[in-house]
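In case you want the letters, here they are:
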Amino acid sequence: MTDQESVLQPVPDTAADDRPVVTENGGLRGGRCQSCGAGSFPRAYICPSCNSTEIHDAELPGEGSLYTWTTVHISPTFATPYTLGYIDLSDGLRLLAQVLAPQEQLRCDLPVRLATSDQSPTGWGFVPVEGATA
Amino acid sequence: MIQDNAASVIGGAMIKMGKHRESSYSGLAAPAALGALRDAGITKDEVGAVFCGHAFGGMLTGQRIVKELGIGDVPVTNVDNACSGGATAVHLAVRAIEDGHCDIALVIGVDKLTQFGGGTLPLVQEDPEVQNGIVMPAVYAMRARRFLHERDATVEDLAAVSVKARRHGAANPYAQFQSEVTVEQVLDSRPIADPLTLMQCCPTGDGAAAVVLMSERERKRRGAQGMRAAASVLHSGQFEAGFRDMLRPEISYHSARDAYEAAGFGPEDLDVVELHDAFTIAELVYYEALGLCEPGESVGLLRDGRTAYGGDVVVNPSGGLLSKGHPVGASGVAQVVEALWHLTDRAGARQVENAQRALTHVTGGGIAGLDHGACTIHLFERTA
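Protein chains in written order, with this note's numbering: chain A, 132 to 265; chain B, 707 to 1090.
So that you can see chain A by itself, here it is in the shape it has in the complex (with noise of 0.2 Å):
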C-alpha cells in the first residue's frame, strides 16, 4: 500500500465551514450515506451503521418532537440560562440541540421545528409548531 493513491489521510472534520445548518427550505444540513441512506448529524464522514465512506450531504427533515428538556443554569460553553433538547427528527435521527422557548410552553413530545435565531447561542435551534400540543 505505497501508492500514492492508497495513502491513507485523516478526515477533515473539524474544517471551518460557515454554511448554515439551516438550509433553504428550513431543512438540516446533515450527511446521508450514500450506502444504506442513515442519516447524520453532524455529517458522518464513516457510516457507523455499514462502514461505508460514501456519505454525501444531505439535507434532513426540519421537524420531529421533543423527547426530553432542561434549562441549563451552570455552563463553561455558553452564557446562562439556556435550555437544550434532545429532538427525534422525523425521519428517526436523535439530535441535541438549543431550544428556544419559555419552559412553561414545553412538554415531553411536543412538536417543533428547525429555526434560525439571534437568541440561541449556536444561531439556530427548534421552537413549538404553532398550535402544536404533545
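Any given hint could turn out to be false.
Unchecked claim - Not everything, but these chain A residues come out facing chain B in the computed CB check (under 8 Å):
hint : residue
1    : 173
2    : 179
3    : 181
4    : 183
5    : 184
6    : 201
7    : 209
8    : 213
9    : 227
10   : 253
Hints are computed from structural coordinates only; laboratory data are not their basis.
For clarity, every value in this text was computed on a predicted model and none was experimentally measured.
Where is the CB? At the ideal position from N, CA and C, for every residue including glycine.
Based on these hints, arrange chain B on the given structure of chain A.
Just chain B now, with coordinates in the frame of chain A:
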C-alpha cells in the same frame, strides 16, 4: 470450588473525600496506596503489577504515585475511562490475576477536581453535543424530565434520593458531606439543570482510594481474608443515531446481566450495592437496570425504604457520590473499598449487618450518541 487463579480483594484504603487544594496527585493517592498495602499485610516488594485509574492526572500519574512508595520495575498501567476509570483499573487487575500475569496487584483510583476551580466536569470540546452546550448535569436532567413524564413520580421522589444518601453519608467519616438534609432543603437549593437542583448533584472534590487484589492460591497460602471478585464486567456504550430510551440505559442493563451470569447469583442475593449516583435520577434508573426491581417500580422501592438500612438491600451505605463527592477516577475504587469494609465487618457505624455479597457499579462519560462511554460492574462475595 474456587479456582486457584480467582481474584480477591484483600486490602483497601481511601482518604477522606473533599477539597484538598494543597495536595498533588501523589499527595492524594500515596497514603491510600500505602494504606491498602498495610491493610492487605503485604510489602511494596510483593506488588506484581499496578493499575491506576484517573481522568485528569496527566501523563504517568500511576508512576508518580507509586515511586513515592518505592514501587518500580513492575508494569504500571494508567487507565482513563472517565468516571469508570478506577473501576476499569480494578477490572484489569482481576483479569491480570485470572490470566496468571501476577499474583498480587495494586489498584489506585485518584482525581483532583479542585484544579479546575469548581463548576461542571470539563468535557472534551471535540464532541458535537459539547459544542452545543451539553454539561453532565444536563444529561441527567433530561433523563429526569423524561422520567417524570413517563412515571408516576414527582420532584420530591428525586429529592428523596439525596435525603437517603445524605442520611447514610452522615455516618461515614470519609464523606465530604456528613450532614442530613430534608426534601425541602434539596428542592430549595439553587437550580443547576431543571429539574435538578444543587443538592441533587454530586459535589466536586478530590479523592483517592486503593485496593490490593490477590490470586486464590496466594490468598490461601497466607490465610488472608477479604472478598472474592465473583464477576468483573466492563462494557462500552453502543452508538445509536436515533431514538434511545433514556430510562433504560442499555450499557448498565447489559453489564448487569453479564455480571450476574458470571457470578452465578442474582440481585436478590445482594446485601450491599454501591451504585453511580452522580445525580439523583441516576439511582432510580439504576435500581431497574441492576435488577433490584422491575422496570417501573423504582420509585416505590425507594418510597418503601427497601434500599435503605432495614430494607431488601442497602444501596450506597457510604452516602454515595452525593455525599462523598465524585473525584472521577477515584470513585470506582472507593466503591470497592466500601464493599470490602462491609464484607469484612469493618464499616463501623454504617455496617450492613452480616453482609455477604456486594455489587459496585459505575458508568463513565457523556459523548454524543451513547448512553455512556463505559460501564463497570463488580460482584463480590465474602471469602470463606
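Comparing the hints with the structure gives:
1. A hinted interface residue such as residue 173 of chain A counts as satisfied when its beta carbon comes closer than 8 Å to some beta carbon of chain B; here the least separation is about 5 Å, so the hint holds.
2. With a least beta-carbon distance of about 5 Å to chain B, the hint placing residue 179 of chain A at the interface is held under the 8 Å criterion.
3. Interface restraint check for residue 181 of chain A: the shortest CB-CB distance to chain B comes to about 12 Å, outside 8 Å, so the restraint is violated.
4. Contact between residue 183 of chain A and chain B, as hinted, is not supported at the beta carbon level, the nearest pair being about 14 Å apart and thus beyond 8 Å.
5. Look at residue 184 of chain A: its Cβ only gets to about 16 Å from chain B, farther than 8 Å, so that hint breaks.
6. Satisfaction of the interface hint for residue 201 of chain A is found here, the shortest Cβ-Cβ separation to chain B being roughly 4 Å, below the 8 Å cut-off.
7. Interface hint at residue 209 of chain A: satisfied, since its Cβ lies 5 Å from the closest Cβ of chain B, which is below the 8 Å cut-off.
8. Below 8 Å, beta-carbon pairs count as interface contacts, and residue 213 of chain A has one with chain B at about 6 Å; its hint therefore holds.
9. Checking residue 227 of chain A against chain B: minimum C-beta separation of about 5 Å stays under 8 Å; hint holds.
10. A hinted interface residue such as residue 253 of chain A counts as satisfied when its beta carbon comes closer than 8 Å to some beta carbon of chain B; here the least separation is about 6 Å, so the hint holds.
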